[in-house]
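Chemist: Sequence:
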Amino acid sequence: MDHLVFDTSAILNFGQRDHLEEVLPKLGKLYKIITTHEVVQELSDPAQREFNARLLAAHFPRHHPAALHFDVATVSRLAVTLGAGEISVIALATELKAVAVLDDRAARVEAEKLGLRITGTLGLIHEALKHGWLTDDQCLERVRTLHANRFRIRKPNANESFADYFAAMQ
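For the sequence shown, this note's numbering begins at 985 and goes up steadily by one.
Hints listed in this document are in silico derivations from the structure and should not be mistaken for laboratory results. Computed from a predicted structure; not experimentally measured. Among the clues, some could well be false.
What the hints assert, rightly or not - Now the in silico label distances, taken between C-beta atoms and shown as ranges:
#1 Arg1038 / Asp1121: 36 to 46 Å
#2 Gln1032 / Ala1068: 11 to 21 Å
#3 Glu1006 / Asp986: 27 to 37 Å
#4 Val1056 / Asn1143: 49 to 59 Å
#5 Ser1060 / His1115: 32 to 42 Å
#6 Lys1010 / Phe1054: 12 to 22 Å
#7 Asp1055 / Glu1034: 39 to 49 Å
Unchecked claim - With a straight-line cut-off of 25 Å between C-alpha atoms, the simulated PhoX-like cross-links for lysine-lysine are:
#8 Lys1013 / Lys1114
#9 Lys1081 / Lys1010
#10 Lys1016 / Lys1081
#11 Lys1016 / Lys1114
#12 Lys1114 / Lys1010
#13 Lys1081 / Lys1013
#14 Lys1097 / Lys1081
#15 Lys1114 / Lys1081
#16 Lys1114 / Lys1139
Idealized CB from N, CA, C, for every residue including glycine.
Take the sequences, apply the hints, and build the full model.
Modeler: Laid out in structure tokens, this is it:
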């Protein structure tokens, strides 16, 4: 079973920012869903402490990469560009040969340079559509909610299907 290693933004999108938590148990039948201790540390909003604790306990076991499997130049480059959570997700995904769930553009660029498989919140919504867990309209509703909650994506056009929206975002 493949692993999905979630970064902070994706956890927030599946929890606080949208109504995507219902998809996590279904994804959990296809993948082992995990995150890192560093990501958990980034989820520090006191107003959301109880919600985050419940969400993490229910869906996101924590793992720590055994070691950084990068040369010094790569570690230096990552440290300049990314935060501890993103670096830990990339390190763990590298170690486990897992899919990194990253929404941050800079993190995705670095993960691609390292040859990692990546997806993000929109990719997982697309997977929910492909498996029939969400309808096209439900996917678009989730995207509109994410956009309204300041997730940096464009708002879908009035007559656009989610499949067309997702294809345009690629």
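Chemist: Run every hint past the structure and note whether it holds.
Modeler: Status of each hint after checking the structure:
1. Arg1038 / Asp1121: 36 to 46 Å: The hint (36 to 46 Å, Cβ to Cβ) is violated, given that Arg1038 and Asp1121 are roughly 28 Å apart.
2. Gln1032 / Ala1068: 11 to 21 Å: holds (19 Å)
3. Glu1006 / Asp986: 27 to 37 Å: Because 21 Å falls outside the window, the suggested range is violated.
4. Val1056 / Asn1143: 49 to 59 Å: Holds, at about 51 Å.
5. Ser1060 / His1115: 32 to 42 Å: Holds - the Cβ-Cβ distance for Ser1060 and His1115, about 40 Å, lies within 32 to 42 Å.
6. Lys1010 / Phe1054: 12 to 22 Å: Violated - the Cβ-Cβ distance for Lys1010 and Phe1054, about 33 Å, lies outside 12 to 22 Å.
7. Asp1055 / Glu1034: 39 to 49 Å: With a Cβ separation near 41 Å, Asp1055 and Glu1034 satisfy 39 to 49 Å, so the hint holds.
8. Lys1013 / Lys1114: holds (15 Å)
9. Lys1081 / Lys1010: holds (21 Å)
10. Lys1016 / Lys1081: Holds - the C-alpha atoms of Lys1081 and Lys1016 are around 12 Å apart, at most 25 Å.
11. Lys1016 / Lys1114: holds (19 Å)
12. Lys1114 / Lys1010: holds (12 Å)
13. Lys1081 / Lys1013: Distance of about 18 Å is within 25 Å: holds.
14. Lys1097 / Lys1081: Since the Cα atoms of Lys1097 and Lys1081 sit roughly 15 Å apart, the hinted pair holds (cutoff 25 Å).
15. Lys1114 / Lys1081: Holds - the C-alpha atoms of Lys1081 and Lys1114 are around 24 Å apart, at most 25 Å.
16. Lys1114 / Lys1139: holds (21 Å)
Violated hints, listed in ascending order, are 1, 3, 6; each of the other numbered hints is respected by the structure.
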